[in-house]
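Chemist: Single-letter residue listing:
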Amino acid sequence: MTDVRLSGAALSDDAQRLGTLYPGIIEQGWKKRLLGPGLSLLVVVYLVICFFAFGVSGVIEKARGDMAQLFALDAYAHKVHAKYQFKKADQGFVVSLEGNRRSIYKEQPNWIAQSGGQTTIDLGGDGVLRFGDGVVTYAHPSYEQDFIFKVGDGAPQFVSGAAADWLKVSKTQVNARPSLYTRIWLTKSKVEVHRYFVGWENFWFDFDSKLNRLSSGELLSLAFSSDRIDPDVSNLRFMFNEFWTNSEWQHGEVYFALLQTLIMAVVGTLIAGILALPLAFAAAANVNPVKLARTGVRRFFDFLRGVDMLIWSLIFIRAFGLGPLSGIFAIFFTDTGTFGKLFSEAIENADKKQAEGVQATGASPVQKYRFGLFPQILPLFISQMLYYLESNTRSATVIGALGAGGIGLKLIETMRTRQDWENTLYLIFLIIIVVMLMDQLSGWLRRKLIEGQA
Amino acid sequence: MAAHLALAEASRLAEISQAYERVARRRTLYTITLLGLCALSIFGGLYIADEANSGGFWAGLDKFFDYPVELFVGAYEKGLVGLFGLVLQYLPYLLETVNIALVSTLLAFFLGGALSFVASRNLVSNRYIVGVMRRVMDIFRAFPEIVIALLLVLIFGPSPVAAVIAVTTHTIGALAKQFSEVNENCDLKAVEGIRSVGGNWLEQIRFGILPQVLPNFLSYGLLRLEVNVRASAILGFVGAGGLGAELKMVVDWNYGADILVIIFMLVISITSIDYLSGWMRQKLIGQTGQV
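So the protein lines, in turn, are chains A and B.
Reminder that position 338 of the first sequence reads as 338 in the working numbering, one-by-one numbering, no gaps.
Reminder that position 247 of the second sequence reads as 247 in the working numbering, one-by-one numbering, no gaps.
Hints were generated in silico from the structure; no laboratory data involved.
Do not rely on the hints blindly, as some may be mistaken.
Across the chosen pairs, the derived CB separations fall in these ranges [to be verified]:
(1) 155(A) / 70(B): 30 to 38 Å
(2) 52(A) / 264(B): 28 to 36 Å
(3) 264(B) / 364(A): 42 to 50 Å
(4) 136(B) / 143(A): 36 to 44 Å
(5) 264(B) / 374(A): 34 to 42 Å
(6) 441(A) / 207(B): 35 to 43 Å
(7) 185(B) / 357(A): 25 to 33 Å
(8) 51(B) / 293(A): 36 to 44 Å
(9) 122(B) / 37(A): 26 to 34 Å
(10) 136(B) / 19(A): 40 to 48 Å
Ideal placement from N, C-alpha and C gives every residue a C-beta, glycine not left out.
Just need the whole structure built from these sequences, with the hints factored in.
Modeler: Given below as structure tokens:
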């Protein structure tokens with residue numbers, strides 16, 4: 001016990017001695033001690049001010065959560081309409097995809113059953129709807145009493161049933177949305193039921209394609225069968241054509257747009273690198289002795305970089321029209337400035353002994369830089385270009401959305417319609433996959449080309 | 001005997017020079033292939049791009065200076081006083097754009113910093129946690145800001161909040177990756193010292209790692225600030241507020257003087273933030289400000 005106290009005392013003695021030996025280390029000055037908390041406080045105060053300046057609370061209050069929910073639902077699910085019109089009673093329930101007249105299912109789905117004058121529609125977890133003789137009876141699993149409506153004779157009437165917040169009855173129509181996946185809609189002219197099913201419909205083939213609704217096994221056997229669907233082309237070719245020209249998903253156009261975006265990124269980065277290299281030599285103090293020329297080139301780099309890619313793309317879209325060519329120019333103008341700055345700094349930091357060694361063998365100035373300097377900056381040159389290749393894939397998407405074409409423009413087009421959310425989600429998937437692939441590819445190439453060389 | 005030796009040596013020399021030539025030939029072949037591929041992708045790409053473009057390259061070349069000239073003519077007609085009035089008019093929007101960038105960089109700095117410690121192989125022994133965190137970072141980083149901004153503008157309406165969330169999301173991914181690389185290059189002796197006196201994981205990070213990495217973190221953060229000012233200007237174009245939104249409006253209405261004033265304000269602020277961050281980074285980590 002005494003031992004511990006003794007050593008404790010010795011320790012504090014030690015600390016005091018060290019404190020006097022190195023003032024300002026153990027006992028820090030108040031300025032230094034206040035720096036951390038003071039900066040943190042400043043940041044917090046700034047963020048709070050911005051919270052009010054941006055009106056965050058108001059924005060969140062006004063946010064359309066319901067819209068977001070609908071968009072999200074539409075992105076991963078498809079909607080099937082079953083519609084009964086009193087004027088066309090002989091047709092019965094017409095079942096179609098998203099209510100589209102061109103996508104009417106020829107066979108009734110198994111959740112609609114017909115017996116005599118009575119139609120029974122199974123709504124999955126939302127109960128059962130029965131319709132016949134001008135009466136709609138809806139049995140909801142959580143309500144004991146059925147909801148009964150009289151239809152077909154003027155506006156629909158709510159005959160009996162409990163009040164529910166998902167049920168809206170007005171003078172002209174009845175609108176029921178018991179869950180996100182089901183909607184029942186009654187008006188004076190029709191009885192309509194919407195059901196959502198998870199999945200992307202018609203992703204592979206068009207609705208009315210001969211190949212639609214075939215199982216993968218059937219497709220596989222069809223692909224290698226000698227019975228041609230279309231006598232002019234082989235089955236495999238026919239299947240590919242049907243997929244590629246899918247009218248809703250537009251696979252052909254989407255992949256061509258993706259190619260355009262990649263072209264913008266790759267070509268823009270390559271041209272920028274090639275142009276920046278000689279300019280960087282002209283801007284480096286250890287290569288170019290003329291200060292005026294050097295400063296001129298540097299300011300030129302700053303100008304290219306400072307006028308942002310956004311503004312360059314505006315100017316080029318004006319000149320060359322909408323399309324990837326404008327995107328290429330916007331990328332290479334901006335990045336020539338960035339690369340020029342990076343490369344010229346690298347050249348200035350390079351070891352001059354190698355260049356001197358080469359010069360000592362009687363090399364010409366060009367040879368001196370080619371063999372003495374260039375090999376030193378080549379790894380940095382390649383690695384920076386690969387870094388920017390990845391980031392430019394993303395930039396190309398962004399300026400594409402501003403009008404330079406490619407996948408970015410496709411994305412903004414599908415968003416504007418506010419209906420094709422499944423297409424939007426598909427494009428977002430594609431963009432993210434491509435950016436991640438480019439990231440992996442550029443990392444792999446960097447390791448291969450630079451570390452493999454060393 | 002001597003002649004025999006000389007012969008052996010000569011044959012070895014020949015072998016060496018042959019081997020050298022083989023290596024040199026292979027290298028030249030690689031270089032030529034690589035350059036050929038580059039040339040092919042440039043010319044092929046330009047050809048496809050020119051075909052896909054609505055206006056052609058040669059037709060556009062004459063028109064290249066038309067637009068800038070048009071803008072300058074518009075500005076000249078406005079006169080100096082008018083231009084100065086426009087600067088004052090758009091100054092609040094510039095502040096908003098810079099604020100969007102600063103707020104998102106700050107938020108992403110803290111969140112990305114926190115994430116990076118969990119995603120560093122030398123600080124977390126569980127490989128699965130690191131793997132999952134890295135994938136999360138990759139996905140955050142792969143999201144182009146404009147995609148998130150477009151979706152949020154639909155939900156929130158035109159508001160800078162959409163831009164802040166979009167830029168923050170992307171920046172978290174980007175910074176966390178760079179930060180975790182810094183963490184992995186850390187000296188672990190300080191961590192061991194703190195562990196030996198009984199410090200827990202948080203204390204090890206706070207006192208063992210943070211003092212080592214903070215200058216690098218700040219430097220990366222400053223670099224991001226500059227990138228984010230550009231990004232937040234672009235996001236204005238899809239309705240996320242700030243100077244970009246004003247620019248989109250005047251571009252659509254073709255107000256030459258206004259466009260030029262906004263472009264100048266953007267360029268000047270981007271360039272000055274660029275210089276400022278370069279200067280501060282130089283102070284932080286010395287040398288040329290390169291990390």
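Chemist: Hint by hint, say whether it matches the structure.
Modeler: Outcome of the hint check:
For the hinted restraint 30 to 38 Å between residue 155(A) and residue 70(B), the CB-CB distance of approximately 60 Å leaves it violated. Roughly 30 Å separates the CB atoms of residue 52(A) and residue 264(B), a value that falls within the hinted 28 to 36 Å. The given range of 42 to 50 Å is respected by residue 264(B) and residue 364(A), whose C-beta atoms sit roughly 45 Å from each other. At about 43 Å, the beta-carbon gap between residue 136(B) and residue 143(A) stays in the expected band of 36 to 44 Å.
Our hint of 34 to 42 Å for residue 264(B) and residue 374(A) holds, since their Cβ atoms are close to 38 Å apart. Look at residue 441(A) against residue 207(B): about 39 Å separates their beta carbons, and that is inside 35 to 43 Å. Residue 185(B) and residue 357(A) have their C-beta atoms about 31 Å apart, which keeps the hinted 25 to 33 Å range intact. Distance hint check for residue 51(B) and residue 293(A): the Cβ-Cβ separation is about 39 Å, which falls inside the suggested range of 36 to 44 Å.
For the hinted restraint 26 to 34 Å between residue 122(B) and residue 37(A), the CB-CB distance of approximately 29 Å keeps it satisfied. Judged by the Cβ atoms, the range 40 to 48 Å given for residue 136(B) and residue 19(A) holds: they are separated by roughly 45 Å.
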